[in-house]
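Quick note, the sequences are listed as chains D and F, same order.
Residue 135 in my numbering sits at position 120 of the first sequence, with consecutive numbering throughout.
Residue 51 in my numbering sits at position 40 of the second sequence, with consecutive numbering throughout.
Some clues are possibly wrong.
[Claimed, not checked] Take a look, some chain F residues computed to stay more than 12 Å from chain D by CB distance:
1. V16
2. G19
3. E40
4. P81
5. P98
[Unchecked claim] Pulled a few chain F residues facing chain D out of the computed Cβ check, cut under 10 Å:
6. M12
7. H22
8. S26
Source of the hints: derived by calculation from the structure; they are not laboratory data.
In this text, a Cβ means the ideal position worked out from N, Cα and C, and glycines have one as well.
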Amino acid sequence: MLLAVLPQSLYAHEALTAFGTAARGGVEAEESVFVPGAAFPLGSPEWVLQWLERQGQPLPTPWFRDETPQTLVAVAPFVIDRHPVTVGQYAAFAEATGYRTVAERRGWSLVYGLDYWEEADGASWRRPAGVDTGYEPPPDHPAVHIAAEDAEAYAAWAGRRLPTEAEWELAARGPGYRLWPWGDGWCGERANTTELRLGDEVRSVAEWRAWWREATRARGPIPLTTPVGLFSPRGDSPFGVADMAGNVYEWTASPSRLYGPSPGCDASLLSVMGRYRVIRGGSWMSLRFQARTSERLHGDPTGWACFATGFRCAGDP
Amino acid sequence: MAHLVVPGSWHNVTSGRVRSDLAAGNLRELLDAFVREHPDAGYRLTSPSGDLLRYHIFFVDGEQVGRTTPPDQVPLAPGSTVEIVPPLSGG
Numbered sequence: 016m017l018l019a020v021l022p023q024s025l026y027a028h029e030a031l032t033a034f035g036t037a038a039r040g041g042v043e044a045e046e047s048v049f050v051p052g053a054a055f056p057l058g059s060p061e062w063v064l065q066w067l068e069r070q071g072q073p074l075p076t077p078w079f080r081d082e083t084p085q086t087l088v089a090v091a092p093f094v095i096d097r098h099p100v101t102v103g104q105y106a107a108f109a110e111a112t113g114y115r116t117v118a119e120r121r122g123w124s125l126v127y128g129l130d131y132w133e134e135a136d137g138a139s140w141r142r143p144a145g146v147d148t149g150y151e152p153p154p155d156h157p158a159v160h161i162a163a164e165d166a167e168a169y170a171a172w173a174g175r176r177l178p179t180e181a182e183w184e185l186a187a188r189g190p191g192y193r194l195w196p197w198g199d200g201w202c203g204e205r206a207n208t209t210e211l212r213l214g215d216e217v218r219s220v221a222e223w224r225a226w227w228r229e230a231t232r233a234r235g236p237i238p239l240t241t242p243v244g245l246f247s248p249r250g251d252s253p254f255g256v257a258d259m260a261g262n263v264y265e266w267t268a269s270p271s272r273l274y275g276p277s278p279g280c281d282a283s284l285l286s287v288m289g290r291y292r293v294i295r296g297g298s299w300m301s302l303r304f305q306a307r308t309s310e311r312l313h314g315d316p317t318g319w320a321c322f323a324t325g326f327r328c329a330g331d332p
Numbered sequence: 012m013a014h015l016v017v018p019g020s021w022h023n024v025t026s027g028r029v030r031s032d033l034a035a036g037n038l039r040e041l042l043d044a045f046v047r048e049h050p051d052a053g054y055r056l057t058s059p060s061g062d063l064l065r066y067h068i069f070f071v072d073g074e075q076v077g078r079t080t081p082p083d084q085v086p087l088a089p090g091s092t093v094e095i096v097p098p099l100s101g102g
């Protein structure tokens with residue numbers, strides 16, 4: 016049983032830098048973490064791209080070129096949620112306000128089907144696999160099928176905001192560079208990524224698809240999220256922030272842009288700059304190479320969501 | 012001829028090619044021509060019932076095509092560049 020080997024310290028650790036809990040928007044908010052301001056180089060140093068080349072990981076290196084060149088940024092002190100916003104928290108928001116997400120209003124959202132992304136009728140944070148499976152997510156799992164405007168609506172209600180990508184990265188690794196929140200050594204038992212289920216060997220995209228096809232045939236496209244904080248404290252960042260690698264993709268407040276001239280950056284990435292919004296952290300669908308602290312994805316902010324997109328909030332101290 | 016740029020992530024169903032020059036007078040004709048050239052890519056553009064998937068974004072010469080605009084009503088000029096952008100891009 017896979018979960019038997021997972022950390023048993025659910026919510027057990029005491030935060031060293033906890034900002035404390037507070038009632039926000041009528042909900043006892045999860046702990047927030049105070050992050051001191053810092054000037055630091057945002058993005059990946061060049062050696063990371065060279066390292067990725069040597070790993071035999073399945074994705075072309077030009078897809079990671081948007082992480083370079085590093086750019087010096089100054090971030091003011093801020094607070095950030097220790098965990099992504101959960102189903103239980105989002106339910107409280109929806110109940111208090113009557114808010115309906117883009118997916119709920121539209122009547123469908125995206126799940127990965129047998130071969131590719133599919134529009135699943137009725138899929139939303141309430142029914143992440145669509146209406147056909149009957150699956151209802153546990154309240155301590157992160158909310159998914161969250162579009163950018165859904166995340167912002169929650170944050171506004173809670174008196175918070177989305178983190179910028181610089182805040183997100185600083186919270187994930189601190190001002191000094193590290194590949195994953197806990198350090199440079201990969202450990203598959205510290206994050207909810209594909210490796211949690213398939214092991215640490217590098218897998219091809221085709222192999223991932225074959226595995227997912229089998230899983231989907233057996234039980235439907237149920238997202239493999241885990242309870243927030245499941246991997247704490249061993250998977251936490253230097254500031255004690257949890258789930259910064261894997262579990263759900265997280266929206267940020269930052270529009271997609273290049274950090275600077277990036278020769279060799281994939282053309283399809285260049286085409287979204289100035290149009291999309293930065294997403295961080297990878298998800299349960301990702302390989303470890305896509306769940307690094309400086310890894311960037313770019314999402315359509317005009318209503319796109321899928322069964323692996325969530326968010327967390329930040330705020331000013 | 013119109014110039015089509017598909018997402019880099021489609022390389023495994025386009026024999027590694029993400030750029031194509033295809034004869035087409037409108038967006039629908041271009042997408043049909045692309046699928047004829049790369050049949051394995053068809054499921055990334057249309058549903059099993061043949062409808063264009065609703066979540067991709069199309070740009071014609073840098074201008075975003077309206078989500079509700081039928082592709083056969085999007086004219087292409089000779090030399091037009093069409094980009095297909097998936098809702099999630101990156102590594």
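Cross-check of the supplied hints:
Annotated as non-interface, F/V16 brings its C-beta within 12 Å of a C-beta of chain D; the closest such distance is 6 Å. Under the 12 Å C-beta cut-off, the non-interface status given to F/G19 relative to chain D is violated; the minimum distance is some 5 Å. A cut-off of 12 Å between C-beta atoms confirms that F/E40 is not in contact with chain D; the least separation is 22 Å. Separation of F/P81 from chain D is adequate, the least Cβ-Cβ distance of about 18 Å exceeding the 12 Å criterion.
Listed as outside the interface, F/P98 is inconsistent with that label: its C-beta sits roughly 4 Å from the nearest C-beta of chain D, within the 12 Å cut-off. At a threshold of 10 Å, the smallest CB-CB gap from F/M12 to chain D is about 19 Å, leaving the interface hint violated. For F/H22, the shortest C-beta to C-beta distance to chain D is roughly 8 Å, which falls under 10 Å, so the interface hint holds. Proximity of F/S26 to chain D is violated relative to the hint, the smallest CB-CB distance being about 15 Å (cut-off 10 Å).
Violated hints, in rising order: 1, 2, 5, 6, 8; the structure is consistent with all others.
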